[in-house]
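Line order of the protein sequences matches chains A and B.
Heads up: the first sequence begins at 1061 in the numbering used here, then just goes up one per residue.
Heads up: the second sequence begins at 475 in the numbering used here, then just goes up one per residue.
Just so you know, these hints were derived from the structure itself, not from any lab.
Predicted model, so just to flag it, every value in this text is computed and none were measured.
Check before you lean on any hint, since a few could be wrong.
[Unchecked claim] Listed below are the simulated DSSO-like cross-link pairs for lysine-lysine, each with C-alpha atoms no more than 30 Å apart in a straight line:
hint, chain 1, residue 1, chain 2, residue 2
1, B, K619, B, K570
2, B, K619, A, K1288
3, A, K1287, A, K1145
4, A, K1287, B, K619
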Amino acid sequence: MSTYTKFLDGALASFGGDEYIFVEVATDMDLEATLRVIALTDAIGAADISGVTDVCPAHVSYMLRVDPDVRDPRDILPILEEIHKQKTQDSKLTIDSRIIEMPILYQDPWSHEVLMRFRDRHQDPTSTDLEYSARINGFTSPSEFIDAHSSRLHIATFMGFMPGNAECYQLVSSEFQLQAPKYVRPRTDTPDRALGFGGAFSTIYPVQGAGGFQLIGRSAAPVYEAKKPFGPFEVDIVLPKGGDIFRYRPIDMAEYEDIRTQVDSGTYIYRIGMVEFDLSKFRENPIGYSQTLMAALP
Amino acid sequence: MIRVVQPGLYSTVQDRGRIGYYGVGFPPSGSMDQYSSDVSNILVGNPIGAAVLETTFVGPTLEFERDGCVAVTGATADITIDGTEIPLWTAVQVKKGQVLAFRAVSAGVRNYIAISGGIDVQSVMGSRSTYVASQLGGFEGRVLKPGDVLEACADGRSSASKFGFEVPDHLRLFPSAHHNIRIVPGLCNYLLDEESQNLLTSEPFTVSTEANRTGYRLTGHQLSFVEREQPFGAGSDPSNVVNLGYPVGSLQAPSGSELICLMRDAVTGGGYATLGTVISVDLDILAQMKFPETVAFEAVSMDVALGLRADRREKVRGLVQMIDPVK
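If we strip away everything but chain A, and leave its shape as in the complex, we get (with noise of 0.2 Å):
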């Protein structure tokens, strides 16, 4: 029972039961390997593959949901194969993307509240998540970790867990990148837009529900609204779309209930930019043209 597929571009593909291909193109984070799953997922939407019902792309791998009914799932590998035979490692480096600002007050009551209760699943039972956060990314204190997530963009690299999770590299070159494992056992409560950050990436969470992620703010603005729709979800109950750059603007408490008055009001208006990102030009100036992306804000 041979269980791994190797395509020639090293990428691991195996079998998710009788209804799912998983397709491993690298396994540590790099912007390279999600543009390069971008374009081998767009490639295979196009495609239009018979069979193939779900096109999954997360950072650096990809899924596919096939009806067996329809087609066999063993005759889709080679066409996959053939597909990351064609996008070879010249795939082109740039994606059309947005940029939105959300509106986060770090440290906020509620993730706190719900943190605490969680003590016993975490690494560090004494201290906060964002205490904990900053001493492992050796800073001296929270507002300084808060700084340095809050000054410089992140860019949606998966859109899994729920409707409505995006989940966020930062534009920032390697050597500055946060990190920070998940709790040791998942939490089984987190409040809706809570802002998360595990591994490298961050995210609002779009509902209340299980999470792994360290807590260290919230969002006054939501990312997923199912039964009140007004602005961005009159045309999708989901605001992010995979590709994304956020800006996570910090506010106090003051600016946040503002917000939340206008967001039940259904009147809060999202800064929205539409921009190219190109990654080559990230890598030639970090901070030089993560301020170009930021200037398409309205």
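With the hints as your guide, set chain B onto chain A.
Positioned in the frame of chain A, the structure of chain B alone reads:
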């Protein structure tokens, strides 16, 4: 119309699931035991894609406000209409004003209640299935409450379908306290050390009390992972990977200390190594299991997985013809 007198423990509207949105974080949802759900629809003359009610441990009390045909499949439970016991896996006539009631299940977990015409709730993104966590689909995106009124679609039964038809035993699903559950190894299975790869498919695991539509936690044996330098962005535990897609039915082992099998309301991705995937036919069986029942995972090839799927498809087709030879 059907009036919910008592909702039962956790009853939702489900169908065959929401297809095409997994890539943006929407699980398929749908009936946990798809076979029993399909059969309930066939019995009442519905297409198998019609919406049914899924119950959990304790079913609802429902008052019918129109004549029709009802069928209950899945878990072994005592059910009555106006106090008189009715058989499971059978097409039963129901009259306006009659009340269908449940007592607790004696084997299995979930019952499927199909009503001729099918439950009529608004289709959201191509499905009537309820996804409670995101308040999506089904009846107002939630579990049923007392006083809810469910509409039924127009009764499209062909004249050939008949009341009283009973599904023969060999086409029923009988939940028991131990099942062999077949998996296709793959995904990040290569991260398990050899001893743990063998342990996974040789030793029994116990369904824990944390077992719901999102996932089943199973306990039993500590699994260990091969030693490696953790990839950048994965996290420090050997069971951590850079977050990736989770198939429905996939098994993961956070810190190696317990297994989680994702079910129809799966989180679509996360950061724990996935070890293999329960085949679709056996996911129906697992959905009928509960604490402290046990499973033995058995590794099978894609040939076997697809063969068993084809067998089930033939069973369903055979049943349709038994009931309605003209179809």
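Here is what the structure says about each hint:
no., hint, verdict
1, B:K619 / B:K570, "21 Å, holds"
2, B:K619 / A:K1288, "21 Å, holds"
3, A:K1287 / A:K1145, "44 Å, violated"
4, A:K1287 / B:K619, "18 Å, holds"
Hint 3 from the list above is the single one not met by this structure.
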